[in-house]
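There are 2 protein chains.
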Amino acid sequence: MAPIYLDDKISKNDLPRRYAIGLDLGGTHLKYGIISDRGEIVYKNFTPGRTSDGGKKVLNVMAEAAHECMMFAKKENITISAAGAGCPGTIDSEQGISLGPTIHITAWEGAEIAEAINKKIHLPVFADNDANFMAFGEYIAGAGRQKQFVVGITLGTGVGGGIVIDGNIHRGAVFNAAELGHVVVEAEGRVCSCGNRGCIERYVGAKYIVQDVVDALSKGEESIITQGLKSTGDITPILIFAAAKHGDELCGRIVDQMVKYLGAGLTSIVNVINPDVIVIGGGMSDAGPVFIKRIGDEVLSRVMKPVRKQLQVVQAQLGNDAGIMGSAMYAMKQLTLDNAQ
Amino acid sequence: MAPIYLDDKISKNDLPRRYAIGLDLGGTHLKYGIISDRGEIVYKNFTPGRTSDGGKKVLNVMAEAAHECMMFAKKENITISAAGAGCPGTIDSEQGISLGPTIHITAWEGAEIAEAINKKIHLPVFADNDANFMAFGEYIAGAGRQKQFVVGITLGTGVGGGIVIDGNIHRGAVFNAAELGHVVVEAEGRVCSCGNRGCIERYVGAKYIVQDVVDALSKGEESIITQGLKSTGDITPILIFAAAKHGDELCGRIVDQMVKYLGAGLTSIVNVINPDVIVIGGGMSDAGPVFIKRIGDEVLSRVMKPVRKQLQVVQAQLGNDAGIMGSAMYAMKQLTLDNAQ
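So the sequence lines, in the order shown, correspond to chains R and L. So that you can map any letter, position 234 of the first sequence is 234 in my numbering, and since no number is skipped, the others follow by simple counting. So that you can map any letter, position 311 of the second sequence is 311 in my numbering, and since no number is skipped, the others follow by simple counting.
Derived by calculation from the structure, the hints in this document are not laboratory data. Given the structure is predicted, the values throughout are model-derived calculations rather than measurements. Glycine included, C-beta positions come from ideal geometry on N, C-alpha and C. Be aware that one or more of the hints could be misleading.
[What the hints assert, rightly or not] The calculated lysine-lysine pairs, modelled on DSSO-like cross-linking and capped at a C-alpha distance of 30 Å, are:
{"id": "1", "chain 1": "L", "residue 1": "K207", "chain 2": "L", "residue 2": "K219"}
{"id": "2", "chain 1": "R", "residue 1": "K305", "chain 2": "L", "residue 2": "K57"}
{"id": "3", "chain 1": "L", "residue 1": "K56", "chain 2": "R", "residue 2": "K305"}
[Claimed, not checked] Covered stretches of chain R (in silico footprint by chain L; criterion: 3 or more residues with CB under 8 Å from a CB of chain L, positions within the stretch not fixed):
{"id": "4", "segment": "75-85"}
{"id": "5", "segment": "193-201"}
Next comes chain R alone, as it looks inside the complex (with noise of 0.2 Å):
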């Protein structure tokens, strides 16, 4: 991938390299790496998060992950300047610490996620929201760059977003916002598991879908997706977005049911933010192209008018990386300004 800079005033070639580590915790894995401040990926690697064994084992896992870092750049003669830590749920960035539950991950309340890390590899970490890092990643070397107003919401399994205002991570009152999957599309909807009804998440996430197709099913409804399963319990969304384009009448309308709900809840968001572009990532966002114009589509026909002349949606750049990218690059950011106070 071609280089990035974090400063574009300075010259590029006569400096040497500086570097980060970014951890990146999903649902199940935990991807890392270290970054060159020119978005170059030096290091990858990824390994269970065992985030079902509780937040002190992921802990555990994240830092083991970082020290597997500082050894590989030991030995490459690499200096680390930092480390960023993106995670579910709401991550005080300030402190560096997990404040609330997640359906990911027990036990997760109070995991003290960057003295963890620092513990291990005795360098500033900076731990926060994982959509938040994705955004970030997405401002600094993807779909995003160069951008006043990014948006980034990730489709995967639950739907999660990022905001990023002048190239600051948008984090509300009490690290909070961004919350983009809670944005309601119906407001008498669906019972969603954070309390309220008609979530965006509700109607889109991987998990919901797949649910959908499983009580049509068992309603006796037909479907190609079937064919070649042993259960309802290899149904993924990777099947469903391949019995859409199959023609398949009830995954056409589980598709269709999505990019409904993703454009009155992205709409939402645009009236309140009137970003410049929307990023949308996550493992959802890999339907393709088809899928992604479709909710650009959906978004455009509902914003208002002079929204429609600028606004774009787009598919992340960075895929899998925008994670471990987003959330090094940020490492290196921080600390820079943190060092020039």
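Using the hints, position chain L against chain R.
Structure of chain L alone, referenced to chain R:
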């Protein structure tokens, strides 16, 4: 009212006061006045806005009002430093120009607001969306004072909004942010004038709730609201609230509908912005503390756990003066910043 200081670091009593003109254009009337930098309203007046006579006529009315303030200042030996002009619709606050049409004013697109007023008073003029200035007024001198993240929503004929982050109005990429009346609460709901479907405004805007009552009456529903009225054309939101308070079933249902949809829509806004406070203003916020509390309770029952302990949902403190206060205060603040550069 208690004096307000734009800069808390300076010694207040020793300094001479500064003054600015505040203009607040509504659907029917223009409010205007002179405000000191300590939040004192030293002059206040209003006049028909002539909004149905076209943008050019409206600009004349605004320029004449500003001139009237200048004459008063001259007589009282007060020095005015700037003027702020809050107007309906999307306003390019950098150019001081109206960007789009609005249902409130005919031929409003392209109106050169700042220039028209500046030509008359020869002082810097700052134009912005009226709800942006309402939110700024509440931030600097009202219910959102000293708060880092302030969301203001105005419940009137339509539903407007303003967002103040770190003391700055959040305007977005093309001045279209904080269109809070157009947050979606029903993905396939009522068609809105903005081109979208299911916007908050379509369920809680004054003209729509009146229409809902009229429609129900025309279908044969009974209500005490008709007692003493010559025709259903005399129904107002105030009467709807009063009838609901007296146990009227139809009007009670309409108020319930408002609470439900405002609760759902404001929760979406909270899950995007995570503000310290939501300030509810506009004519219908005068429905009273019980109504405001019901909205607050609905929002707090829907937001995420960490937010429940922190979020405030309160009535605007500046009432009808929020617009002139916000526009004048903003003009003084912006002039100071511009001069410092």
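Hint check:
1. L/K207 x L/K219: 18 Å, holds
2. R/K305 x L/K57: 25 Å, holds
3. L/K56 x R/K305: 22 Å, holds
4. 75-85: violated (count 0)
5. 193-201: holds (count 5)
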